[in-house]
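Participant: Sequence:
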Amino acid sequence: EEYFEKLKELLTTYSKAFLVEVDNVGSYQLQSTRGELRGKAEVLMGKNTMMRKCIREYVEENPGSPVGQLESVCRGNIGFVFTNSDLAEIREILEKNVRPAPAKVGAVA
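Under the numbering used here, the residue at position 68 of the sequence shown is numbered 68, and the numbers go up by one with no gaps.
For the record, the hints were derived by calculation from the structure and aren't laboratory data.
The model shown is predicted, which means the values in this text are computed figures rather than measured ones.
Be aware that a few hints might be false.
To be verified - Listed below are the simulated BS3-like cross-link pairs for lysine-lysine, each with C-alpha atoms no more than 30 Å apart in a straight line:
hint	residue 1	residue 2
1	Lys40	Lys8
2	Lys16	Lys6
3	Lys16	Lys104
4	Lys104	Lys40
5	Lys47	Lys6
6	Lys53	Lys16
7	Lys96	Lys47
8	Lys53	Lys40
9	Lys53	Lys6
10	Lys8	Lys104
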């Protein structure tokens, strides 16, 4: 319930969003990225089914909203980065925090 409120608030507050894939991303790496984005953008992770349900509800409340397109991309290990500032600046911060991950047993390259 709290998550639904948070996502709806972010969808309303921010006009732009990045979709980020976080496969093999450690918690420390995510934490440092959040720290660098503080004040400029907000990162939201969550379960895909919850995100899809929340987006569906948001679109029902706000018909014609382009947010509906996000529902189909909620697959795999993803999160949203919401912002109102320059997308290039946020992208630069996100790309600066990309690190090569060590191979894990059973991982497919």
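Participant: Hints first: check each against the structure and report whether it holds.
Facilitator: Quick rundown of the hints versus the structure:
no. : hint           : result
1   : Lys40 - Lys8   : holds (19 Å)
2   : Lys16 - Lys6   : holds (16 Å)
3   : Lys16 - Lys104 : violated (34 Å)
4   : Lys104 - Lys40 : violated (33 Å)
5   : Lys47 - Lys6   : holds (14 Å)
6   : Lys53 - Lys16  : holds (20 Å)
7   : Lys96 - Lys47  : holds (26 Å)
8   : Lys53 - Lys40  : holds (27 Å)
9   : Lys53 - Lys6   : holds (13 Å)
10  : Lys8 - Lys104  : violated (36 Å)
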